[in-house]
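**Student:** Following the hints, put chain B in place on chain A, whose structure we already have.
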Amino acid sequence: MKKQRIGVYICHCGGNISDYVDVEQLSKLIQAEEGIIISKDVMFACADSNQKDMIQDIQEQKLDAIVVASCSPKLHTHTFRNVAIRAGINQYNYTQVNIREQCSWAHSDTPMDATIKAYGLIRAGMNRVSYSEALENVEIKTHRAVAIVGAGVAGMRAAIDSARMGNHVYLLEKDFFVGGHVPHLGKLFPTGEDGKEVVTKLYNTIRQMPNVTLFTGAHLEKVTGSVGNFTVEVKISPRYLSANADPQKIHRVFSDCCPESSNPLLYKDKEHRIMYKSYPEALPDIPVVDVERLQSNVAFYEKYKDIFDVNQQLQLLKLNVGSVLVTTGFDFYQPTEGEYGYKQSDKVITLPEFKKLVDANSDQLIYNGKPISSVAFIYCVGNRQAKGENKYCSRQCCTATIHTSIQLHEKFKGVKAYHVYRDIRTYGKQELLYRKSSQLGDIYLKFEEKEPPIVDCSGKQPLIKVKDYLTSKKEISFDTDLVVLVTGMVAREDRTEIASILKIPIGSDKFYNEIHPKLKPVETVITGVYIGGACQGPKNISESVQSALSGAAKINALIKRGTIALEPIVARINADACVWCGKCAEVCEYDAIKSVEFNGKQIAEVNGATCKGCGICAPVCQSDAIEIAQYTNNEIESMIDGFMSKADIKEKTVDAESHEEKKAGMKEYPHVWNQIVTLLDGQKLTIPQISEQLGHESNVITYHLMTMNKYSVVEPAGLDDDEAYFYYKLKK
Amino acid sequence: MSTEKFSPKILVFSTDKISDPGIDQAGLRKIHYSPSVYVISLPCSSGIKPRWIMRALQKGFDGVFIAADGHECSYSSKCAEHTNTIIVESQKLMKENNINPKRIRMAALCSVCAEPFVSHMGNFSKILSELGGIDTEVYSQK
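If you read the protein sequences in the order shown, they are chains A and B.
For the first sequence, numbering that gives the first Met the number 0 assigns the number 0 to the initial residue and increments by one for each residue that follows.
For the second sequence, numbering that gives the first Met the number 0 assigns the number 0 to the initial residue and increments by one for each residue that follows.
In isolation and in its complexed conformation, chain A is listed as follows:
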């Protein structure tokens, strides 16, 4: 039923609206409209005093809906929904009309047109609210448990903090060892701490926490349910080691079958091993058995068979959690064969490979049995491609390279480093590393994407030719022992697996997409599913940990109370009109629609807990049987009609009485003004004094006093004795 007792509040916003829009005239015009019980222009709609007045109006006049025409709905929707709740009407019987950002400010050059537009906007809001329905938030119970997918540094750190906040954490790692890329990076900027040490510290902390359960070899299989109550199905791959085997014997056998490789770059190469670890100190400190290789090597199996259990099966676990945090990280860009000579010459390697090399050597830098005395780093490989797929910058690679170069000088004497770069982006404190590298004698040569360096590997040593833009594009050629390609970060190859299970949108850069980079940086469109770390875009370790911790904090805020309220803005099916063609279910990316039998026919049914209210299903329905709550045909179409409403709006005339004085004389200014005016009668006071005497916070007094000053109600009256604050007095 249409609402018939509507209250309309039109805000002056100090003067932000009323300086351009004739709100007083609009208020009077709207008062005469059908169904409008109250129409007021108020100085600050959001002020406490006005909120109290609104509650009084709603209760005394038995209003059934309210419209507030003021600023953007992004700012005060919750304020006025709360007013509605406190007044005893449904919070969804309120409509916010934006007459500031999208009217008075946007059209401050044409006040009369702004007033005409504001009338249309308010009429649209009135029409919309007249069709508004009382909706109830969906209350959902939440499990105080979190699944964190990915046990890299970001995931482990988030697990620790989430557990400390009182949640049970299931930390799921697809690999058999924790830490992701970090243990393989050697020393890390800016502290110089070793990646392995960082991972070991985090792992040891996790081991001591009873409310963190770590699963390695854990594949996310399926996630059902919704925020507060997800069921996460995980498949755990076996290590094929007997549960009763002596750990010391396992390590002895592991050493027997897997002597350390002389080539540090090959350590992770598990292809040729019966038992393997991703690096010698990898954690958990239990190797993994390649069961096929074990079974094909009968002699080895027979010799040590008491430590193996080849009959172990995949285990399927079901975990109940309230929320999920995804910290699956990234892949390093893998250059294509021939890209700067990669894979065509063994003297061309990537930065992650080079870091392993630097980490593994102690006194002299040896590669393939030969000493290395010069290294050329080529930057931005696989990133910042104007015409390629990876248009973005990976943020951390400039600093990682320069930090590695400094290590070269500190660890191995006499190694020369050439940096063939496009731009150096050692932002923040990392700039100091760039300065240090320059002081150590590193040579920087700048190229542009259109003229990349040429790596010629046909000779004994790689020959690099580059047009140096720092010396008027002079072509410079030099030999080097090793070429290091500074490869950036790319989205994980298996990203779509997790994305399809959790319904996380993927951006054009192929990383996971948050809702808003600034305002909702770790939230996804799936309520209860958060993303953190480098799975959402290139980040260094500090930034990854920051975003994962932010996700952990958001999750705690969500699940700690035990219940959460979801907005009821979801799709609804008109059962009479629906003929179940299935198109709505086809386009729904959240599996929120399924077919059910109703009165002898098949119709669509919406799961309110999983529906996101995006409305994608509505236009594809040929029988127009789908509507989204708050965005119904009646609401939208009546808004369109409202925009086109005409009224007899007259140009505002300026009276002989001062414009400012008239404004100040308005009856609707906040009660705080009355208090200030009474207090200042016959005396001058500073803001802290007024604040103390009236019992309001000083920022509230400052805000109102500045507006009163603007409208010449008060004026400054000199500085106090300490010259710290201005006195204010009433303006006569």
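Derived DSBU-like pairs (lysine-lysine); straight-line CA-CA distance at most 30 Å:
1) A:Lys415 to A:Lys195
2) B:Lys77 to A:Lys519
3) A:Lys651 to B:Lys58
4) B:Lys4 to A:Lys651
Keep in mind that the hints were calculated from the coordinates and are not lab data.
Values in this document were obtained by computation on a predicted structure and should not be read as measured data.
**Tutor:** Here is chain B on its own, set in the frame of chain A:
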């Protein structure tokens, strides 16, 4: 009605999380655009019904502009594709009703795209001014 004075009425469908904040920002920075532009914000541009577009044109809006999220849409990676289908469907209805399909336009707008929004409004106003008021088409069929 002379062309100079004609200020086409444009209905913009924006999105709550991305393009509407971009439009707000134009106001915040007082970058002016035509006061004949009215905005309805929705969760996602893929949820616009062609009947709403037709309603706007039949009620006197000279053009409809869809400020979509493009690749930034947090609901669907196929948002641009879905929105485009809605435009195609709407244009079919427009043709059936003798309305020039140029009266609908779409562009992706980000949450800080204040200048691009104002520029789109300027360009679309020019196109609509050349086409003339909607009444010349809607009413001519009657």
